[in-house]
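Colleague: Here the protein sequences line up with chains G and Y, keeping their order.
With the working numbering as the guide, the letters of the first sequence map in order to residues 1 to 637.
With the working numbering as the guide, the letters of the second sequence map in order to residues 1001 to 1251.
Quick caveat, the hints were computed from the structure, so don't treat them as lab data.
Hints are not guaranteed to be accurate.
Stated by the list, open to error - Which residues of chain Y face chain G? A few of them, derived with a C-beta cut under 7 Å, are:
| # | residue |
| --- | --- |
| 1 | M1031 |
| 2 | C1063 |
| 3 | V1130 |
| 4 | S1157 |
| 5 | C1200 |
| 6 | E1204 |
All values derive from a computational prediction rather than experimental measurement.
The C-beta atom is built at its ideal place from N, Cα and C for all residues, glycine as well.
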Amino acid sequence: MILNGNSPSGPLAQMWDRRRQELKLVNPANKRKYKIIVVGLGLAGASAAATLGELGYQVEAFCFQDSPRRGHSIAAQGGINAAKNYPSDGDSIFRLFHDTIKGGDFRARESNVYRLATLSNLIIDQCVAQGVPFARDYAGYLDNRSFGGAQVSRTFYARGQTGQQLLLGAYGALSRQIHAGTVRLFPRSEMLDLVVVNGQARGIIVRDLVTGMVNSFAADAVCLCTGGYTNVFNLSTNAMGSNVTATFRAYMKGAYFANPCYTQIHPTCIPVTGEHQSKLTLMSESLRNDGRVWVPKTGGDKRAPRDIPEGERDYFLERKYPSFGNLAPRDIASRAAKEVCDEGRGVGPGGRGVYLDFADSIARLGKEKIAERYGNLFEMYQKITAENAYDRPMRIYPAPHYAMGGLWVDYNLQSSIPGLFVLGEANFSDHGANRLGASALMQGLADGYFIISHTIADHLARTEPGKVRPEHEEFKRAEEGVNSRTKKLLSIKGGKTASDFHRQLGSIMWEHVGMARTRESLGIALGRIPELRAEFWENVAIPGSGAQLNQELEKAGRVADFLEFAELMALDALQREESCGGHFRVEHQMPDGEARRDDENFCYVAAWQFRGRDGSPELHKEPLIFENIPLATRSYK
Amino acid sequence: MDLILYIWRQNGPEDMGRLEQHRALHISPDMSFLEMLDQVNEALIKEGREPVAFDHDCREGICGMCSQVINGIPHGPQKKTTVCQLHMRNFKDGDTIYIEPWKARAFPVIRDLIVDRSSLDRIVQSGGYVSVHTGGVPDANAILIPKEDADSAMDASECIGCGACVAACPNGSAMLFTAAKVSHLAALPQGRVEAARRVCAMTEAMLREGFGNCSNHYACEAACPKGIKVKFIAKLNREYIKAQFNTGRNT
């Protein structure tokens, strides 16, 4: 089937205005009759729940953490982009749009990205009004810095804790609505199924993680804001709890999953130290503003970094990409790092690392200035590695970080199931095959503060409020499904932990569906994943019962879904016979090793429809049309 | 290295709870404290026993979810460090380590090392925000903020809401937590308008939730993984007294 993104017609710059004119409204007196469920309370979810509650809808908001202030958006360090052009360095909405389309390697929808660039400016205004303490200059104006993939300074930041400060702003707005009674909060609650009645999303099944009770919640619309799936690699920069369950369950209920093979491997993470590792820690990409990336020119050079003379160092990003240098986009920087390590020139234990060196910046700006910009990152680095990055260069290596793929949505953020909306990282829409730095926070907040309130009204205006009750048989059936799955998991009493399986899955995915993929490696993954899954369902060990707080049960449920999702990801990577952005197929590269895109055959969004456990998923294509930015080879040289 | 652990086990809020001895063997100094506990838990599961329940999520020191008292100190011995960022190189072979949950009247234990900190959320809900609508706000640069004020707001706003300050305080007080939010918003022109109402509402909520008062022990600052300063408590008190005079409110 050819999918339609439902974008407005006409000139790009007027699309969002035109769409807002077309969308139906719900009158103020009727709003309180409608119930909306919001799942996940990171930036997208908290901002959506707060905004919808403020408008007068009844909102029920769910998160698995103990508080909505802990969504993983909080860990974003570097910043948030906006086309404000405060530094007058040539920025504009069109340029931000252009950079995002190009950064995404021409695999995003133009209309969505243009809207994102437009709304970026409103986000900064909104956050400042909430009291988000962005960095300022001595005259009291907002300060900006530059980021990967851009030649202008358009990134707003709050020390190295921008995600935290933006999330606390949204959490404040949400708290205000909870106090006002428009939002009911359900923390320590996990969505385990979506309920669809007569083709329309009507509610969710939720497990209370403290009591173990499984309950039905009915609503007139459901918003999934549940983040990304890179924990499919086991080791990633995501929080331990980040998972694919909500979106994968929605996929099994009929929502299309788009571009699952687009995952971002972030170049600046702390290298792995050993088997015990439970997660990888990101060092903000903003460090690349003042740090220079290098490795020794010859392999096996065991000298301390400071003893290696300038002439024997290879500043490989500056060498290969002179115009962007250390600020080359993430996918490019990651692959370049892998390449030099594969050549045997990597540094640190295991040879999986490259230097990120601040010596020149410290000499130029002074240690104090560097400490002001990145002090908390240097502290974090020291805690983890016991090394002082003011004295010796940091060691960094790429790690799975962000999912560009996600549930397919149209221009209105509505999935292929009417009434199911998907916001933030959980959807696929705005970053194409690669996300630029400081764009994730922007997208989460654009979706939550400024888009969903308009588009959801159009759905609600066509829906009779409260028509489906939690007593409906579909809810009963879904609850039974959840309960029997829990029972099954607990009855296995095998010999391996959920973490054992997660580690095994992670190594399959990193090895065969990671930074570089081949037809052969994907074939291996597609063979091994079902084997591992079968073993999981015979040999996983989960102590305790379902009627209590049981963290192993939670973990096992998430790993079980990753074991299914992983296959879809490998399948998608296999069908995409081209290299683009974060998806690098070894068979498809230029003579110089750069990605070879195939616009003739693959300029589309791959959206997969679930066809039962025994059938293979069906591929639908949404053609991508570039009318405003001509398709071109992405070059950062 | 090998370690002896005494870990608090408690089945639920009504259970008495007790310290249980465990052994952690072959621990690498590069492990984080939570990775050490992961290893202990995996061994327990393989023996068919229930693992130790503990809160954690981001494991990079920012989400504020992890919460353990280690050898009597919230978040353990390393200054300005959450449990998830505490590494085993801070301990030595043969050490005995006591691991307990946050202890405070306003934080009932849910299970083992997990406590209920929703009381902190309710303090924020009572007024810890700027009451701005979505949309319809002025251009970001229309509000100029002196760098010193923005920096001071940021110093306060770095609070991760973990509750270590409460756990460290002999009175179980949430003054540092509340002070951080009050000070962050009171330092900025956007937050100034509601400052008096905010400080009164948040102080009332703090008392309602069963947190104790501040008697200047400064244990909160010592335990805070983000190094939030007690000077913000002075700021809170000043804001509170100002509010009493300015608004005529005395609740």
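Colleague: Run every hint past the structure and note whether it holds.
Modeller: The hints, checked one at a time:
no. : hint  : verdict
1   : M1031 : holds (5 Å)
2   : C1063 : holds (4 Å)
3   : V1130 : holds (5 Å)
4   : S1157 : holds (5 Å)
5   : C1200 : violated (14 Å)
6   : E1204 : violated (13 Å)
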